[in-house]
Amino acid sequence: MTDPITLDIIQNALQATADEMFAVLRKTAMSSIIYEVLDMGTGITDAAGEIATSGAGIPSFVGVLDKAVKVIAAKFPLETLAEGDVFLTNDPFHGGVTHLNDLVLMMPVFAQGELIAWTANIAHNSDVGGLAPGSLSSNATEIYQEGLRLPAIRLIKAGEPIEAVFDILMANSRMPDVLRGDVWAAIAAVRIGARRLTELAGRYGVGVFRQAMAAFMDHGERIALAGLAAPPKGRFSMTEEQDDGSHLSVTVTISVSEFVVDLTGNPDQAASPMNTSRDGAMLNAQMVFKSLTDPQGPANAGSFRPVKVLTRKGSIFDPVEPAPFGFYYETEMRLHDLICRCLAQVMPERFGAGHFGSICGTFLGGIHPDTGRPYTIIEPQIGGWGGRPGQDGISATFSLGHGETYNCPAEVNEARNGLYVEQLALNMAEGGEGQFTGGRGIVMDYRIRAEKGFLTAGYTRSKFPAWGLKGGREGSPNLVEVIRPAGTERYAFVSELPLQKGDVVRVITGNGGGYGEPLARDPVLVARDVKDGFLTAERAAEVYGRKA
Amino acid sequence: MTLHRIATDVGGTFTDLVCLTFDPVTGETLVKTAKADTTPPGFEQGVLDVLAKAGVQLDEVGFFAHGTTVVINALTERKGTKVGLITTQGFRDVLQIARGNRPDFFNMLYEKPPAFVPRHLRREIAGRLDYKGAERAPLDLSPLPGILDDFRAEGVGAVAICFLHAYANPAHEAATLAEVRRLWPDVPVVASHQITREWREYERTSTTVLSAYVQPVAARYLTRLRDGLAAKGMQAPIHVMQSNGGIDTLERAARIPITMVESGPASGVWAAAELGRLIGVPNVLALDIGGTTAKCSLIECGTVKVMTDYWIERSRTSAGYPIMVPVVDLVEIGNGGGSIARADAFGKLHVGPQSAGAVPGPAAYGRGGVVATTTDANLWLGRINPDYFCGGEIQADMASAGTALEALGAQLGLDTSGAARAIVRIANANMAAALKLVSVNRGHDPRDFTMVGFGGGGAMHAVALAQELGVKTVVIPAGAAVFSAWGMLMSDLRRDLFLTRLMDLSPPNAPTLTTLCAEAEAEATRAFAQDGIATAPTFLRMGRFRYQNQEHTIEVEIPGLLDIPALEAAFHAAYEREYTYRLNAPVEVVGLHLIAFTEVGKLVPKPRPLGPRDASAAIKGLRQVDYAEDGSHAATIYDGTRLLPGMAFHGPAIVEDPGTTVVIHPGNRAHLDTYGNLHIAVTA
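Going down the list, the sequences are from chains A and B.
For reference, each letter of the first sequence is one residue, going 1 to 548 in the working numbering.
For reference, each letter of the second sequence is one residue, going 549 to 1232 in the working numbering.
To be clear, the hints were calculated from the coordinates, so they are not data collected in a lab.
Computed from a predicted model, the values in this text were never measured in an experiment.
Think of the CB as a built atom: it goes at the ideal place given N, C-alpha and C, for glycine as much as any other residue.
It cannot be assumed that every hint is accurate.
As the list claims (entries may be wrong) - With beta-carbon atoms standing in for the labels, derived distance ranges:
| id | chain 1 | residue 1 | chain 2 | residue 2 | range |
| --- | --- | --- | --- | --- | --- |
| 1 | A | 195 | B | 1100 | 16 to 22 Å |
| 2 | B | 722 | A | 163 | 35 to 41 Å |
| 3 | A | 522 | B | 625 | 39 to 45 Å |
| 4 | A | 159 | B | 1107 | 42 to 48 Å |
| 5 | B | 955 | A | 203 | 31 to 37 Å |
| 6 | B | 1059 | A | 539 | 25 to 31 Å |
| 7 | A | 522 | B | 1125 | 21 to 27 Å |
| 8 | B | 857 | A | 195 | 22 to 28 Å |
| 9 | A | 522 | B | 955 | 40 to 46 Å |
| 10 | A | 195 | B | 1149 | 43 to 49 Å |
| 11 | B | 859 | A | 241 | 39 to 45 Å |
| 12 | A | 203 | B | 577 | 31 to 37 Å |
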């Protein structure tokens, strides 16, 4: 038996390696959605594909990589693997979990001739072909329209890039140079991670290395089970109408050893890109579970052992081919938010009120008027979070689907993309009032400078805003407006809308839900909000019963 | 008479002094060190106290360098002034919006750091520039008098100005600055272009606001210090340590105080680089272990890397606040001598970041501390001499240390010594991870570097860390405990200018790049002259490059004679070393990092003659020492004050110095160089 301190030291080194892979990918990528939005994740699994550790970044990519590695490990038997191999998938029907834009790269790691681990990463690539620029189109009815499918294949054999695969990749992208840069960034990350793990196993021995991984997962499970002690036990259900008129429902059963999310009662899969894979549904159940049990501790296979998900084949949470997945993340957001809303009814103090609840994916493209090169903005938006006990909700922060994600500075945006950012302000819309108010969304104006351009967007919570809790009011909607000489258009979902020079695209994200009755709000806070211009004196009197 | 060269360093607990006195009779330089209590809130008193304690005649001082934590303290303790912000129309909420990131990403109740300026004190002015600096809409200063009236009524103590794209063209900011000064001559006011010429409006706004926030308190402090020293007869100019590892004039520091924010750790790194130059070691891994934190930095080819990616209060659970000023590239972790060891609910041992501080301090201080710290573990293992604890000033309370370690051990299933060894191993693993962040993670092989260990605890852990990383040689500098103050006496007057200017790296742009460099150099030369600095600066020009479409840059030196293909080749090579691959893609210039420096009475240490190798005269005795992973051994104990240049010995050994303890492992060979630095050859 190896001493526990040695195992701790190896486990810390695994975490440091996942973080280093993350830093490498971030610093070398060419798509802003990778280096700034950090729509990416890194991880290390054991030889069997069980996740050991993930690089810091965004929660929805923690625990995604194990699913892909398991598919590769099943398809390529051990004897066919060589040192220096790198594998690739992007297809949710082949371990890809999310949508075709997300390329998952995986590298088997060897030490003393034995397979000891896999290093892996996932990142959103700007364009992988398909019917629309950026590959996402709300018009897609089949996955074939969403880009090139890479069904768990080898990309590099024993250190030698397989040129045919690279050639096919680049030939299918509208932005081949950027794709090439991003794929190489991902290769650099798995290689650097593999190098570190080989050194680590060389130093402590393969046996001790494996023991440390296994012990780390058992440790994760112990923390998870301890975290299950506090929440109330039982069966909790919630059904909620969505912007598109459909109803989603969930039943969560919490016991001392399990956290079961039952999604069997949900609609059939859609002939629109709003499906998410069963792995994706699992991922979101894992995320809520992690937030509930141990938000700051390690996230590995052990941490997620108590989580079970029940789905129905052919439903939007477990679709079959050829279902499209482009906007899977909005469906995942709806699922995550639904589970939170369901549990917030029984433990409001753990969740607070609902947040703006959408990725608010916004895509703008055209020709940069100064450089003549194409530009593409692919960005999620920041919005308001819900009030929580003792505190107002936070303003202008990325959604629960994102995390250590950064918005693009206006100054960089204007240079990089050749448009003007006319304002970036907090959203003063009504909504989110309560004893503790919802945080503010944003209002951001993009003035188009290019002669021609396009807008694609997919926002949910546009009809039904963020939910209030314990008497707090609901928040305000997410939407995008296009302001033209002829008038103002309002959208939640729109694909490839033509834009002309001078048009203003106004991104509006919602305020979070309020927590507690508005009349219970501290008058000092009401007066402060009036002074800061968050509230008019009339509105203060109307909602809070206070004369400012 | 200009006999003394003095560095004073105000720390959290103590104010340190290093005084070098030149003896004209013998030609020798005598080194004197002293410590006095730090005296908040009137920190200048502690400086005067330590000078009095050391008996320095202030009228004989020829050079005076000063480092202070006054800026970082004012920030972390929220003791600055009320700031009013004037910014571009449509962007007053940028300070509160920040970047929208959430490092604690599974936490549903994450708290965003609140803005330093409330919304009603963030005011807007019309006028727009584009990213090239061209005017889109003229500046409209008509609302300014009303804004300033409101600021006065609200008790605003300093004004910050930050406009969009002012990095490219400061004209609107400069006009607003002049008008604020005209309308309200007494108020401290600062505009972003005076501090930084880089893009990213949130970071620049935050930097400007935080500079305004600390400006009155810093200016008051520096003025009192100057007056206090002048009253005692000092005529030498005061130089103030900056975060970039250089020193600058007191007047400039009072004008833009925010550049002092990380000056303490910076001077240690600078000292390590200077030491490397002195002893012919260009590649240095600097390790500075204090009471609360450990700082690591990598110096390659004698060059200290300076960046502007600095944040305060940033952690895995908080986004923190950016300060876009030149700061020495270092990694700081919460692992020092006073770091608390604790077992979590799952039997995992953690060391730091919480620290026992000076009160109650480690259990062995006998001041009521009941939790085990790294220092307690080092005492228990025989690495620190309990009878020579803190230079003999404190008798170590070994019973308290033992009780604390035993209690921890009980939670971990270890005996007392086992718990002590576990603390040392985890602390070392934490520090090794930090050292890897600055070395292997950036493509450097630690085997090519010499480790310089200093601060109170650097010498205790350096050998074990060197072994872990494969470093072959460790150098413990003479006066390791006050090495940072020593670094101030070795500093140049230095300014780092970062300019954002986007262009392709291509032959047609060569004239533009040349002009950019020439203009920046002319501006720096002008500023040096304006600040009364006698000698014109020398320049080092670094270009910031990337592949087209990338965001992050790497720096490559731009030689005097511009050769675009050579520059491009140098970028490809530097990029490949860091990231394992290169691309056949166009290269972009994002901007310039100009380093302007000049010597202002820098110290040149004099070698002493090497004496005999025999070190037995310095032996104090023999003690059983537990080397954790390297086992327990009977170690020879040396008195550091009796070790002389040329002496050599081997491990297992311990060198006891008043300020620090050097732990030399079995198989190590050690010798003192001509300057009294201890070199340890590590066996991996």
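ask   = Against which earlier hints does the structure fall short, listed by number upward?
value = 2, 3, 4, 6, 7 and 12
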